[in-house]
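Asks: These protein sequence lines map, in sequence, to chains Y and L.
Just so it is clear: in the first sequence, position 46 is 223 by my numbering, and no numbers are missing.
Just so it is clear: in the second sequence, position 90 is 267 by my numbering, and no numbers are missing.
One thing to keep in mind: the hints can contain errors.
One copy or two, either will do: identical chains are not told apart, so a pair holds if it fits within one copy or between any two.
In silico DSSO-like links for lysine-lysine, alpha-carbon gap of 27 Å or less [as the list claims (entries may be wrong)]:
1. K316 to K188
2. K366 to K241
3. K241 to K287
4. K316 to K212
5. K211 to K241
6. K365 to K241
7. K287 to K365
8. K211 to K318
9. K188 to K287
10. K318 to K366
11. K318 to K212
12. K211 to K279
13. K188 to K293
14. K188 to K279
Calculated directly from the structure, the hints in this document are not laboratory data.
Owing to the predicted nature of the structure, the values given are computational and were not obtained by experimental measurement.
Number of protein chains: 2
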Amino acid sequence: MSEQFFAHINKFIPVSHEDFQAIITFFEFQNVFKKQLLLEAGNSCTHNYFVLNGCLHMYFTNEKGVERTVQFAIDNWWMTDGLAYLNQTRTDFTIQAVEDTKLLSITFEKQEQLLKEFPQMERYFRIMYQIGYGASLRKMKHMFDFSKEEIYFHFTEHFPEFAQRVPQYLIASFLGLTPEYVSEIRAKKRS
Amino acid sequence: MSEQFFAHINKFIPVSHEDFQAIITFFEFQNVFKKQLLLEAGNSCTHNYFVLNGCLHMYFTNEKGVERTVQFAIDNWWMTDGLAYLNQTRTDFTIQAVEDTKLLSITFEKQEQLLKEFPQMERYFRIMYQIGYGASLRKMKHMFDFSKEEIYFHFTEHFPEFAQRVPQYLIASFLGLTPEYVSEIRAKKRS
Chain Y
178 MSEQFFAHIN
188 KFIPVSHEDF
198 QAIITFFEFQ
208 NVFKKQLLLE
218 AGNSCTHNYF
228 VLNGCLHMYF
238 TNEKGVERTV
248 QFAIDNWWMT
258 DGLAYLNQTR
268 TDFTIQAVED
278 TKLLSITFEK
288 QEQLLKEFPQ
298 MERYFRIMYQ
308 IGYGASLRKM
318 KHMFDFSKEE
328 IYFHFTEHFP
338 EFAQRVPQYL
348 IASFLGLTPE
358 YVSEIRAKKR
368 S
Chain L
178 MSEQFFAHIN
188 KFIPVSHEDF
198 QAIITFFEFQ
208 NVFKKQLLLE
218 AGNSCTHNYF
228 VLNGCLHMYF
238 TNEKGVERTV
248 QFAIDNWWMT
258 DGLAYLNQTR
268 TDFTIQAVED
278 TKLLSITFEK
288 QEQLLKEFPQ
298 MERYFRIMYQ
308 IGYGASLRKM
318 KHMFDFSKEE
328 IYFHFTEHFP
338 EFAQRVPQYL
348 IASFLGLTPE
358 YVSEIRAKKR
368 S
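Between the sequences and the hints, there should be enough to build the whole structure, so can you do that?
Replies: Here it is in structure tokens:
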């Protein structure tokens, strides 16, 4: 399990096995069950999560009580509310496991300490956030650019691993569609 | 002008005047005119921009020829297509000056060299991207959460400096509204 994280870090920055033995001690290994909550809206955002195996989603609940997913994380992705985590403030978002998930978690304080002791990890996290930021701009483009039908099929074609693992109603929520609409266009495509 | 950038970096990481004298040499100072293009869709994304004074926006043109703004940058903000810049690939976005703008630009190669010589700058850029990423998740929340009318007034109340400087049609584009719709709800509010 920690070998996987070692390999992921080394995709972006060179870290020796020896340094990694120290780096991994800043993290906690966690097993969470399907539907379990890791962060609840209204609470302080204290942790950053790295998914080893499984799937998380981050959502908010609007005034009508409808849940809207703003991001997913599967194997080798990070997840937290970036701004609330950085500023150590309350979050508007909830993070929940979509399926049974194995993950590494780190607190803000521990991450700061890690970055102090291993400043080369700044580069790793800088690249993680740069990818996340770039991807979210691309998502905005798609949400503007495509019709509702196109956005659904674009997503399922380009991210088949999500489409297979994540329940339809969560994909619908992420794309700003209703589950009924997704059933309808899927049925239309099959026919 | 470079004092302003020095102060901005020091808001996030400690950098001595001496180090800054070396850091600033990696950047080029540029004056761009209103409507001037800094990056064009289809081209390679080679530069990262820091706005000293002025305003840039990043947009794409959809199949119908409509321009859609996905982000703005005013004083002390960075702007580039994060993913295309990181991977040094072609971009789908165009970056244009909304008004006459003074900025600092850096190429990908120079930025890599800067980060090698001054690794403490990794932390600075990590925080910049973390803020950008966090803010874009918050924007997605607002776009899901609010009605079209609410999203416009929320934006103009929370970001009055944008509302004053940026033409209405660009704010409309950024929020996924038509300029006609914005005129309509503004007239309604005044009456």
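Asks: The structure should be examined with respect to each hint, and the outcome stated for every one.
Replies: Each hint, compared with the structure:
1. K316 to K188: within (24 Å within a copy, 30 Å between copies)
2. K366 to K241: Classified as between: cross-chain Cα gap 24 Å, same-chain 31 Å, threshold 27 Å.
3. K241 to K287: neither (37 Å within a copy, 49 Å between copies)
4. K316 to K212: For K316 and K212, the Cα distance is within 27 Å both inside one copy (25 Å) and across copies (25 Å).
5. K211 to K241: Within one copy only: 25 Å inside a chain, 43 Å across chains, cut-off 27 Å.
6. K365 to K241: between (29 Å within a copy, 25 Å between copies)
7. K287 to K365: neither (51 Å within a copy, 51 Å between copies)
8. K211 to K318: between (31 Å within a copy, 24 Å between copies)
9. K188 to K287: both (23 Å within a copy, 22 Å between copies)
10. K318 to K366: So K318 and K366 pass the 27 Å test inside one copy only (24 Å; across, 30 Å).
11. K318 to K212: Result: close only across copies, 21 Å inter versus 30 Å intra.
12. K211 to K279: Within one copy, since 11 Å is at most 27 Å while 51 Å is not.
13. K188 to K293: Classified as both; 21 Å inside a copy, 18 Å across copies.
14. K188 to K279: within (21 Å within a copy, 37 Å between copies)
Taken one by one, the earlier hints fail for this structure at numbers 3 and 7, listed in ascending order.
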